[in-house]
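Working from the sequences, and respecting the hints, build out all of it.
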Amino acid sequence: MSTLLSYPQPIEQAVAQIELILAQETERLLPPHLPLSYRSLALLLLQDDRGLWQQLTVSDWAYQQIHAIIENMQQQLGESPVAAIARTRQQTARQLEQSVLSEPATTQITIAERLHQLTVNPLTGFPILLGILYFGIYQFVGQFGAGILVDAIETAFETYVSPVVNHVTAVLFPWQPIQDLIANDYGLITLGIRYAVAIVLPIVATYFLMFSLLEDSGYLPRLSLMLDRLFKIIGLSGRAVIPMVLGLGCDTMATMVTRTLETKRERIIATFLLSLAIPCAAQWGVILGLLSQRPLALLIWAGFITTIFLVMGFLTAQLLPGQKADFFIEVPPLRLPRLKNILLKTYVRMKWYFWEIIPLFLWASVLIWLGRLTGLFELIIQGIQPIALWLGLPAASAPIFLYGFFRRDYGAAGLFDLQQQGALDGVQLLTAAVVLTLFLPCIAQLQIMIKERGWKMTLAMATFIIPFAFVMGYVVQRSIHLLGVNL
Amino acid sequence: MMLSTVKPGTIATVAALATNNDAIVKKLLAMGIYPGVEIELERRFPSYVIKIGRSRAAFDQQIAHYIYLRPCDC
Amino acid sequence: MNCHQCRHTCHPNPSKRRPPWWRWSRKQKLPRSFHLPQALPKIALVGMPNVGKSALFNALTGSYVTVSNYPGTTVEVSQGQTVIGEQVVSVVDTPGMYSLLPITEEEKVARDLLLSTAMNLVIHVVDAKNLGRMLPLTFQLIEAGLPVLLVLNMMDEARHLQIHIQTEPLAAELGIPVLRTIAATNVGIRELKTTIASYVYTPQLSATY
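Protein chains in written order, with the numbering used here: chain A, -1 to 485; chain B, 3 to 76; chain C, 977 to 1185.
There's no promise every hint is true.
To be verified - Heads up, simulated DSS-like pairs for lysine-lysine below, C-alpha to C-alpha not over 25 Å straight-line:
#1 K230(A) with K9(B)
#2 K338(A) with K322(A)
#3 K338(A) with K1169(C)
#4 K262(A) with K322(A)
#5 K9(B) with K53(B)
#6 K262(A) with K230(A)
#7 K262(A) with K349(A)
#8 K230(A) with K53(B)
#9 K322(A) with K230(A)
Worth flagging that the hints you see were computed from the coordinates, not collected in a lab.
Small disclaimer: the values here were computed from a predicted structure and weren't measured.
Structure (structure tokens):
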């Protein structure tokens, strides 16, 4: 064994004893050929590694013996074995580092260091944070991505692609239903591909570019430490800032990243808030585009969703039992982002996202086609129509909520189409935007929720979210009317 | 003295980690925060930020309460 | 509660990862339970968050995994392949871990990988300028009897701070090879591959057939 490290005598003695027991258990030990040495396993058991206990199968005799050894060791040691073991390792590490590493006696203050101080000092840090949100997110993603780029690509698609597709399909397939499957209003290409390429792609690409830039520069941990106190109110810690910010790009990806949160309670709250009140880039991008002509409606939408986020987070934190989250994070130095890295990250995320959504958009087109062909959709839409009317929306908006079941952004994109036709007024747009934002997440996110949080939890969340979204839509609509606000 | 009571700019030696919460102790140890180590408190708001050697860590007030300091050996 | 935990052990549960019926064009990612190709020699990259593991993975395999400067963005285990000499080698990138004793789920994923799969080589990637803080994990890997190689990554940043590290005495003291790299710009990768070669050309490989 390694002579590099020797732990305090009680620990070494206990390790030796446990090693012997484990060696006798080889026959029964499951899994039989562990790649880790007995010394290593013994040290982990001494430190009360519950995960390892669950995976090792040893006889009752060995189990009791090992526990007796650990108890005995603890009495002799008089402190936590975890601390004693870590201290031994750290001290040895420091001595070794001193013998091989040399550094200048005085460290000069670098630009990165100055920048760090600016980003974490509340006086300068919060303005920087708001500046990043305004320019990086609102201006770059919202105005440039969701505005200019979407308009350009949409127009190009409508001008050059759709007519050609419609024409070619009409020539090739004389049968109307097949034409509708590929082209026309709800076709695979004219609806599915168009939504994915012209509306969703530019928004998500600009968002991921921004996120990758922030990530590569090392700013994200600073964002966490700046917002920790605020997040504590809603039962989360600063660590949860990252999934939330990522959620503004793609909630599915973000739900997956909630795994980095340390307590189960935090993971549940984060998953819930992501599915309720964090719109993904495609969604808020489209909504931004829809409401950009009506700044007051946009402000009310943003304020309302933020309020729901905070209030529901606060209430969930009050109701959910369990320990409060701690916040502890390593803060790496700020560094100049590498263009290659940023492009690579954006590319990987885009690729992931695109393969995730393209099939969904295509399937949605097929299902809509099938549903319309069989008349099933008509039935469902008729069922939703009363709700739409109750919300003060035109009956023609009912399909949006149905499509919203497939993907929230798909629903939002449908809303975009409806608005282009001039079918909605300000209050109606606001109501629809609120309902769609709060509404159930897309199919992909639902799947990840089930995978990460389990069936029951997901079902409970969905059961709450669906009626809640409609009721909140109603509340907004009624309040605007009662207050007589003109949007 | 507790880390949560000293002024920013203080350089001191960790005297003890006073908590029964294993997860926190393990995290602090993994970052190299353990009795005998010298740390510098950079700021207390909006979160506690400390410097340890060439690394830096941030945490909340609760964790700061657990870290006991004594005057620096330096 | 129990069921929640059992989903994160190393027991394979292939049914969970079957692509759903509506997803016809999805590439299979490596499941969280690790089905690495049996016959290939395996090497794992381990280390604390934010030391450039993923960048090193990219440099070694040429495949694209997101490279992160945020602790905890590699949540899935990524697997790729590289050719060392004439040998195809399977390379696994693990979530960041501080110690063999896991605190978070990601760390547990990394630890369980080492616990469940015999590796031909475990590459411990460290941030050169924070060597002292990262050595405890090197000790633990050596203690565990694993074939360990220490890679001092991000040498450019260390050099920028005028930090110099003598690798020979370090290697002698630890009893394992120590190399320097700058993974982001592919510096030191050729030497790394040469060193890996001596671990993956072992006769025991043919014996497993």
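Given pair status - K1169(C), K338(A), alpha carbons within 25 Å:
holds (23 Å)
Holds or violated: K230(A) to K53(B), with C-alpha atoms at most 25 Å apart
Holds, because 24 Å separates the two Cα atoms, which is no more than 25 Å.
Review point. Within 25 Å, alpha carbon to alpha carbon, are K338(A) and K322(A)?
Key: violated (40 Å)
Between the alpha carbons of K9(B) and K53(B), is the straight-line distance 25 Å or under? Given pair K9(B), K53(B) holds - Cα atoms ~14 Å apart, limit 25 Å.
Hint consistency between K322(A) and K230(A) [alpha-carbon to alpha-carbon, up to 25 Å]
holds (8 Å)
Checklist line | Distance restraint between K262(A) and K349(A), which requires alpha-carbon spacing of 25 Å or less | finding: It is violated: about 30 Å lies between the C-alpha atoms, which goes past 25 Å.
Margin query: Against the 25 Å threshold, does the CA-CA distance of K262(A) and K230(A) hold or violate the hint?
Written below: holds (15 Å)
Are K262(A) and K322(A) close enough, with their CA atoms no more than 25 Å apart?
Holds: K262(A) and K322(A) sit about 10 Å apart, inside 25 Å.
- With a cut-off of 25 Å on the C-alpha distance, tell me whether K230(A) and K9(B) pass. Holds. K230(A) to K9(B) sits at ~23 Å (cutoff 25 Å).
In summary, the numbered hints that this structure violates are 2 and 7.
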